[in-house]
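**Student:** First to last, the sequence lines map onto chains A and B.
Take the first sequence: its letters are residues 1 to 368, numbered as in UniProt numbering.
Take the second sequence: its letters are residues 1 to 368, numbered as in UniProt numbering.
Read the hints as simulated data drawn from the structure, not as lab findings.
Check the hints yourself; a few may be wrong.
No copy labels: a pair is met if it fits in one copy or bridges any two.
With a straight-line cut-off of 20 Å between C-alpha atoms, the simulated SDA-like cross-links for lysine to any residue are [said to hold, decoys possible]: (1) Lys306 with Ala255; (2) Lys295 with Arg108; (3) Lys295 with Pro343; (4) Lys90 with Glu259.
Chain by chain, the residues:
There are 2 protein chains.
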Amino acid sequence: MPANSAPDAPQASTFADGLESPWGMEFMPDGSLLVTERRGRLRMISADGRDISSIQGIPRVDHRDHGGLLDVTIDPAFASNRLVYLSYTKAGRGLHIDRNSLTVARARLSDDGSRIDEFKVLFRQTPGAVNGQNLGGRLAVSADGYLFITIGDRHAPQDRMRAQALAYYQGKTVRIRTDGTVPDDNPFAARHGARPEIWSLGHRNPQGAFVHPRTGQLWIAEHGPQGGDEINVVRKGLNHGWPMVTFGCEYDTCAKIGEGTSRRGMEAPLAFWKTPKIAPSNLILYTGDQFPAWKGNVFVGTLAGKAVWRFELAGEDNAPRVVRREALFAELGERIRDLRQGPDGSLYLLTDGAKARIVRVARADSML
Amino acid sequence: MPANSAPDAPQASTFADGLESPWGMEFMPDGSLLVTERRGRLRMISADGRDISSIQGIPRVDHRDHGGLLDVTIDPAFASNRLVYLSYTKAGRGLHIDRNSLTVARARLSDDGSRIDEFKVLFRQTPGAVNGQNLGGRLAVSADGYLFITIGDRHAPQDRMRAQALAYYQGKTVRIRTDGTVPDDNPFAARHGARPEIWSLGHRNPQGAFVHPRTGQLWIAEHGPQGGDEINVVRKGLNHGWPMVTFGCEYDTCAKIGEGTSRRGMEAPLAFWKTPKIAPSNLILYTGDQFPAWKGNVFVGTLAGKAVWRFELAGEDNAPRVVRREALFAELGERIRDLRQGPDGSLYLLTDGAKARIVRVARADSML
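Build out the structure end to end from the sequences listed, making use of the hints.
**Tutor:** What follows is the structure, given as structure tokens:
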């Protein structure tokens, strides 16, 4: 412990390392961690961080560009049913071999944690795209059994308007049940020509998501273009604006995109970074007791920003406003690919890259 | 009369000439004709075709590319209220000078026909576009006072997906009242973020339109890209497919556009021309008595095709099917810019170009 730290000051230490290009992680009820690696491995890390193993039964993934095995999350009733959800990019077949689709599957983790079985694809983004960029890919399951999936616009500038088109999955959040069926009360379930799974539209590349425990609302973080990263409280059936309104601009030239930064009928973000580009990976709501001052704060991991942003909110949970924001843990100098609250209320930060680790942030007097 | 013609054979003759790049025409109850010229003149031609005059009071139009003063139509109660409707492209102001918007206005034609007054803009396509292509621009008024406007996708390949986006007017038909207000029963009138005037989506460049007198449905003709011209019976609130499904392909390369020629949730056209490109201008339902064999047929004027296509239909008016089609009047060798049924049941064909004319098609025994 550094000499200048109080006992309740947050301290960062390496919890586990040896991870290769990880993307998502999730705690299991026993405190052990599931971690995805983009090239197609699902790892399990013991609750003390000392043992790491690979889970068998993962499908082949298409890991070109930013794709591959992406997120992992668990069922609300995981303790009894052992169900996990995985997102990944899957190459097409035959003539469609150059395309890939964001795909979401459910599987059952064996009791000994060595493999997954009963693999079932729940969702596939069709048609696929010819790159592996702006994939979205984050999963969030609500306590009442809805699975939200974030989907990016797949980057191609000439196709970005698909984020506004209800006939495409690009640039959307979607909501299905954990068995893959589509809820009748989805906003476009009955609209001829619309994808019934769509929950909201007008997103660029949302790669962070959680379901708020009190409101059931989906909160997301999304990558803007050059500048214009956003946090959004997603509204059922509504239009969050990309690419019509954004606080960002085109790469390199910073040419204007769309029509401005706001417009009637387009939902404004809860928060945004005009510049610089911080590249948010995931976000969480902190509900732990270890850091009472952080309770109810939202933490956003950032890649380019190499920090974790902390947001203090005020107002009702379904109509929040930001009253304070600060960048934390910049001294780590790490791109943060995912973050979670551990069972003990510590923060766990998953770093990015070919040689990645998990950093545990805990009170100085509570280190493992 | 050619010696080889029967008395009831259709014969073409010049009704009027001296028109400069005309676009639309409409008969008034007294048999005289209103004709637009793209550079901004509204002409009136007497019922016998002999006198032609210019109507004063037309706004300045932006006639770059295919734009300018486009269509003209009259109110169902024109005989008593003298109201006319005009569509045209209008340049933006200030910073938006390089853009133009399809605009629709209403005005009152003076009793002597010399000028229009009480000019009122009813609709403006905002934001504008930086070209004057794929404008749409056809007007059709229903007997019960709804004004339909066809709007093209504005051509830019990177923007064509706007035809699928409810937040844009591009690639839509819209429906307003003849006073410019938006009917509450428009399909997206209550949808946050959608343009409330939208009646249907997924059109490329619809430049032909009529309201069917029995069903009240909007029938349109639209230009495809290279190939893929279509006739559509428009369904309220539904998706007619462009650019996701089309029978056409990209110019020059004939590269594939979208996903194919049909898809669940996308309305199929009533008829299409895969190749060659005929470029439909306008279409009408023939209801006259002069050619009994044509009654209930749909006639489509074509530009590139230099002919008028006649379609025989069967089935209910709201679920028709094509049973026969033929190209007529190809011997004229004229690009047909508009066509109308005259008060006497003759067909009037408006030709295209800087030196254009109106051709009257009538029974050989009924020539003026």
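**Student:** Determine for every hint whether it applies to the structure shown.
**Tutor:** Now for the hints, and whether the structure bears them out:
1. Lys306 with Ala255: neither (26 Å within a copy, 43 Å between copies)
2. Lys295 with Arg108: Answer is neither; intra-copy 33 Å and inter-copy 67 Å both fail.
3. Lys295 with Pro343: within (14 Å within a copy, 78 Å between copies)
4. Lys90 with Glu259: Intra 34 Å, inter 19 Å, cutoff 20 Å: inter-copy only.
Violated hints, in rising order: 1, 2; the structure is consistent with all others.
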